[in-house]
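Student: What follows is each chain in one-letter form.
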Amino acid sequence: MTKVLSVLSDGYRATVEEQDDTVLWFTSMCAKELDMAVLLESDAVNYAVQTDDVADLNLGGRKAADVPRLDRDVDALMAKGVAVSYLAEDLIARGIDESRLIDGVKPVARAELPALFEQFDQIWHW
Amino acid sequence: MGKYLVIETRSPFGSDEVLGDYETAGGLASRGHEVTLFLTQNGVLAARGTSTAARRLAALGEGTTVLADEFALRARGIGTDELVLGVASADAGRLVDLLLDDGRKAIWR
Amino acid sequence: MPKTLTVLLMDPPYEDERTTTAFRITDAALGKGHNVRVFAYEGAVSLTMADQAPHPNPVKGTSVDDERHPTTKDWASALFGSADGRLEWINCGLCVDERGAGNWIEGPRRGGPADFTAWVKSSDATLVIPTH
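Protein chains in written order, with our numbering: chain U, 15 to 140; chain B, 6 to 114; chain E, 22 to 153.
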């Protein structure tokens, strides 16, 4: 099976409008036919942070039904067998302690990226 | 070993992430892979010999092939005679050849 | 020997140079005799909207005729015209629905992620062009 690494950099892009991160969603759909893994980098590393409360959206009296919980979406991906890692330097730069992360996500140092890329047939950067 | 094509569309002047991309390209080359860094869009802004990123590209050019999209260069008024040593211009056809090169992994950045 | 390149696009029209680069790659690949499959995801489903119309330019003082400005659907049409059957284009159906972008030019068809993964498995190369 084709092995693909989805590298997600752009965090929170239209996630409230879509009620999803559309790259995590697409990755989940592709996982039915491809051997997928995810690397969170840049602002997207924040998706691995356990979040107990998310902001509601109420515009003109219309309420968003399902404000996305990206940490849960990452968790759901892992439950489907998609390995999720994060770029360690980007977590540190954002002052996020590893203790705040959901279980199961693995750190990768920038210097380890070449070795990571070698494991995959394709690398999709989003 | 393997082959990689890193398509860099961003200039390094607004973000450290692009320098990280150069580092990753160099890291792949140091592991014995054949690496081509194809600069396009604002990525070509790094390729002027007088830019502050020129030295990084020149150093990268020792272990990798660094190409700059001629269309993007022309759009930005960068002559091929201005390019940092080690960077050559290339057209979209060359990019297609690299994309369809057997076994080459393409990464858009 | 012709090969097959799959390209995934995300940007809507007029937002980023990525669209032009994607069209250039597609054109160059077709020009070399290769097959190209374009999967339009998210905003890219608007690239082929039939209702796009060029406009005059009041800053430059030019008319529509003066501008001679192909809209993105015109570029896509031109690529289909030059492709001799070697260009396939899928607009992601759910993305089309939430954008109301269902009226498109001749050429694209509706599809989804299953089509993309089928293309990935059967193409010689896949390039994902993200949005930001």
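By construction, these hints were calculated from the structure, which means they are not laboratory data. Because the structure is a prediction, the values reported are computed rather than measured. A portion of the hints provided could be inaccurate.
[Unchecked claim] To spell it out: a stretch of chain E is covered by chain B in this simulated footprint if at least three of its residues, at any positions, have a beta carbon under 8 Å from a beta carbon of chain B; those stretches are:
1. 30–43
2. 112–119
[Claimed, not checked] Okay, derived cross-link-like pairs now, DSS-like style, lysine-lysine, Cα gap no bigger than 27 Å in a straight line:
3. E:Lys-53 / U:Lys-46
4. U:Lys-17 / E:Lys-81
5. U:Lys-17 / U:Lys-94
For every residue, glycine included, the Cβ atom is placed at its ideal position computed from N, Cα and C.
Student: Work down the list of hints and note, for each, if the structure agrees.
Tutor: Evaluated hints:
Counting residues of the region 30–43 of chain E whose beta carbon lies closer than 8 Å to any beta carbon of chain B gives 3, which meets the minimum of three for the stated coverage. Three residues within the 8 Å Cβ limit are the bar, and the region 112–119 of chain E against chain B gives 0, so the coverage statement is violated. Between the alpha carbons of Lys-53 of chain E and Lys-46 of chain U the distance comes to roughly 33 Å, so the proposed pair goes past 27 Å and is violated. Only pairs whose Cα atoms come within 27 Å are accepted, and Lys-17 of chain U paired with Lys-81 of chain E is rejected, the gap being roughly 51 Å.
Of the pairs offered as hints, the one joining Lys-17 of chain U and Lys-94 of chain U holds, with about 15 Å between alpha carbons and a cut-off of 27 Å not exceeded.
Violated hints, listed in ascending order, are 2, 3, 4; each of the other numbered hints is respected by the structure.
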